[in-house]
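Working from the sequences, and respecting the hints, build out all of it.
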Amino acid sequence: MTATPSPAASRGTEVRLTDLTRVYAGNVRALDGFTLHIAPGEFVALLGPSGCGKTTALRLLAGLEDADGGTIEVGGRDVTNVPTSKRDMGMVFQAYSLFPHMTARQNVEFGLQLRKQDKATRHGRAADMLDLVGLSKQADRYAHQMSGGQQQRVALARALAIEPQVLLLDEPLSALDAKVRSQLRDEIRRIQLEVGTTTLFVTHDQEEALAVADRVGVMNAGRLEQLASPAQLYKNPATPFVADFVGLTNRLHCRVAGGVAQVLGGAVPLLAGSAGDGLAIVLVRPEGVTIAPVGSGGSGGSGGAAATVVSASFLGASGKIVARLESSEGVGDLVSVQVDNTDVTAYAPGQRVLLAPRGDAALAVSAT
Amino acid sequence: MPVTYLLGEGTVWLGLAYVILVLPYAYRSLDAGLRAIDVKTLSEAARSLGASWLRVMWQIVLPNLRTAVLSASFLSVALVLGEFTIANLFSRKNLQVAMFELGKSDGQLSVAVGLASLVFAFVVLFAMSFVGRKEKS
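So the sequence lines, in the order shown, correspond to chains Y and G.
The first sequence begins at 802 in this note's numbering and counts up by one.
The second sequence begins at 2 in this note's numbering and counts up by one.
The set of hints was computed from the structure by calculation and includes no laboratory data.
There could be a bad hint or two in this list.
Claimed, not checked - So the derived list for chain Y, only partly shown, Cβ under 10 Å to chain G, looks like this:
no.	residue
1	893
2	894
3	1072
4	1131
5	1133
By construction, the Cβ of each residue, glycine as well, lies at the ideal position given by its N, Cα and C atoms.
Right, dumping it as structure tokens:
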């Protein structure tokens, strides 16, 4: 792509949300002391279960809702009481939001028209923007003549055309099917890097968040649980909630002593912030567990925990084995193990296997 | 007539009475139009792009309600043209009564007016079907 939005490049605005509170009718605290600082040009994703307040946070920043407490600063200016139309935010919504009576080009030009730009400038800018999202040929189409993915691209072009201070993406991919979704996701990231606009992206899809963002904020009950880079978030979750929410996790009962969990016949060091000694539930990632048939002795030599295979599934790029641990008291925990797709056929339901934690890849956060 | 004692014979009052009479019918068609578009998202998108509320109404909501507004207008015109009771209460004649009285004095003119009103009704109906079709294409 050669389209370069000249002044927007390398421009980025700092955003500071401080101690935001938003209370809905019935005393529901959608946001409860929410604080977030986005560096200029940074791409931050807010991730969380539905009802955690992530969309509310974005709508407060956009000015579509009023905060009940706290301040919003954009580029060093307090905009807490500034109406939406004066905030200069580019927004892409979950629902298709193109104006149905305008063509793609007219949609993109709408914001420029409001900024009293002359016709030639508007045309040029709209053409650049449509080129940026790869839709130059569809410029004269109406929304109902375009696919969902194309409509969201135009919406993105429309949002970026006004050279917004901040780009706000409110689950823009949820209405699309899987393939288009991952395509557009990568494209959003490419475009964001190209124009350098500070971006806040709200999603409930962790894969999306981890794939595109510089930093991901995991939200729970109106608060930010952890804000970190995707890799850090995955490998070093600050709280059990984050460990449980990001990535797939096994919940295993075990005994904890001195910051080490005795799990799957091995000792796994607990991450900081875990609960103290005693019986606990420890979270271990499926890729942090090794599996070997009983008698093969191939589980790293350290023995491991005996289990019985419940199911073996082929998932395309990888495979998943689910096994139930043998337990002297009651029913043992179920453990999912990620394996190579070629190894799936080596296991069948009913087969006895040995499970062991895989060195440093094992993650343990206790969630008592 | 009792109503004219209370309110006078002002056209304003007659107009007001008709507005109230027509409201439920106009509402029906406007409501259907509003349901067909996502007003909330569209207006939020327009506001984020910098549009004032007035502009949102004028440039975003109204253009998308064009069909609904037009059909509400046609419906209102049709309703008011055929209305007799309220016009009579305000000591006025409606179209049909005027034509009837005209027929008693001048038969030819009455037929001509009748024909003209038929043509008018035809044109209105034709225009209406045309407007509805344009929106779909």
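Which of the listed hints are not met by the structure? Going through the list in order, the structure violates hints 3, 4, 5 and respects the others.
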